[in-house]
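*Asks:* In order, the protein sequence lines correspond to chains A and B.
Each residue of the first sequence is one higher than the one before, starting from 1 at the first, in my numbering.
Each residue of the second sequence is one higher than the one before, starting from 1001 at the first, in my numbering.
To be clear, the hints were calculated from the coordinates, so they are not data collected in a lab.
Remember, predicted model here, so these are calculated numbers, not experimental data.
Hints may be right or wrong, so weigh each one.
[Stated by the list, open to error] Straight-line Cα separation of at most 20 Å, DMTMM-like style, residue types lysine to aspartate or glutamate; simulated pairs:
no.: 1; chain 1: B; residue 1: Lys1052; chain 2: A; residue 2: Asp71
no.: 2; chain 1: A; residue 1: Lys122; chain 2: A; residue 2: Asp135
no.: 3; chain 1: A; residue 1: Lys47; chain 2: B; residue 2: Asp1159
no.: 4; chain 1: B; residue 1: Lys1052; chain 2: A; residue 2: Glu183
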Amino acid sequence: MTANAPTPRPGGRPIGRAAFLGTVATGVGSIALLSRYSGSVQAAIQKVSAAVPGVNQIAPTAGWRIYTVADQMPTFNAATFKLKVSGHVANPVTLSWSEVDALATETQVTDFHCVTGWSVDKVHWEGFRARTLIDLVRPAGNARYVTFVSTEAPYVDQLTLAQFTAPGVMVAKKQDGVALKQEHGAPLRLVVPAMYGYKSVKWVGEIRFDAKRADGYWEQNGYDVDAFIGRSNGLTGS
Amino acid sequence: MGSPAPERIVRFSGTVRLAHWLLASTFFVMLFTGMCLYLPALSRLVGRPTAKAWHLWSAIALLVGIAVLLLIGNRRSLTGVVRDADRLDQDDVAWLKGGPRRLFDHDDAPPQGRLNAGQKLNTMVMLGLMVVLAISGTLLWLGERDTTYRFGGSVLTHDLASLAIGFLVMGHLYLALVHPTTRHALRGMVVGDVDRAWAERNHATWAMSESVQSAERNA
Ligand code: HEM
């Protein structure tokens, strides 16, 4: 016998414990690593899942995760849909879907970032700009905020008028070439590419020009009002 | 008179079985509601707030249930199973080297304890994945309330750990319910005891030590 050889313990070696601790350590390491590299990992997952037919139809592997706050997603009916544009404006209107659909649109390709850590790159949007709406309703001088009320109660959020008119912001009716799907906010959603997704209200049913600031749904839960990507919600940016 | 009832030996205590079924039932609620949170098609069936409430309450039920079992249950039997799953001896290592073939021929398999080496590793990795799910899930919950706890990796880790444990559970269900040489073990997890003859074939080391112990008790 070798002098230093450990005598085998009667009950064997603690390999099970090693498997347990190894699993936990891998998980904790993955939270840390994926927090830094979630973009490239997601790109890899998307590449793999795109190669398997059907996967992207059932699983949100194309990047989108669907978040809702009510048990039922609002349904869109073109015959009964109304978009109310109200508040401190000279010409408040309630538009039918055909009137909304007739508004001049523009297209853009922008990235979408969620505050929980996932992103979808190069989303193709089509919709109308703030300018089109402003020309229609003519906000009063004290209308410094714009509130977007979702038909999915109680979801609501607000931008400053300057944020609403900033480049890249639109009220979209089409995504990647087709009419918005129900889970993406059909028929109308806000798109604010510079900010996290919780500012991009889905199922917009009312747009109100307000004089006062008010917290939106997630801001009431402590999230930043100005949700700039990489410069809000605990991130300082660089 | 009919044939004599087969001789049985006790494999799992009541506390161990309760812990198992507590884990299994809360697991399936969390798996199903987690899928509702993940798959858009399912989220139409069960709305998100409802799914989320069930998801979180079953996690709490699991934690509280385990604490209760540790406090007022047969703690020694519970830690005994964990100790069994922790220790792998030379026979276990030799058993593992046989690979998946061990599930089909057991004539030349090294004798196994109460849990075979595959069950030991499966138990420990599953427990590890549950801890990972609990950590990442708690971070998701905290991150909604306080952005200090918001990490981009939590949601991906929670997803990947769910996927991994889902595959393990599928294998576990096949072996427990379908596979001819292993499905008798279900009886041990439901009523607690198993046929001695089956135990001698599949878990010889354990069956032998049990008969030595009962002989000592009877002496
Ligand atoms: C053990 C404690 C657990 C806790 C505290 C927990 C917590 C959470 C939380 C807070 C969410 C986020 C919900 C949201 O998106 O709003 C979530 C999502 C999810 N959970 Fe869990 N969970 C646990 C265990 C599990 C288990 C055992 C499974 C399945 C095997 C599971 C599967 C999922 C899935 C698939 C999602 C959806 C993730 C996504 O949207 O990508 N969870 N969980």
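*Asks:* Would you mind marking each hint as holding or not holding in the structure?
*Replies:* Right, here's what the structure says about each hint:
no. : hint                 : in the structure
1   : B/Lys1052 - A/Asp71  : 10 Å, holds
2   : A/Lys122 - A/Asp135  : 29 Å, violated
3   : A/Lys47 - B/Asp1159  : 17 Å, holds
4   : B/Lys1052 - A/Glu183 : 17 Å, holds
When the structure is compared with the earlier hints, a violation turns up for hint 2 alone.
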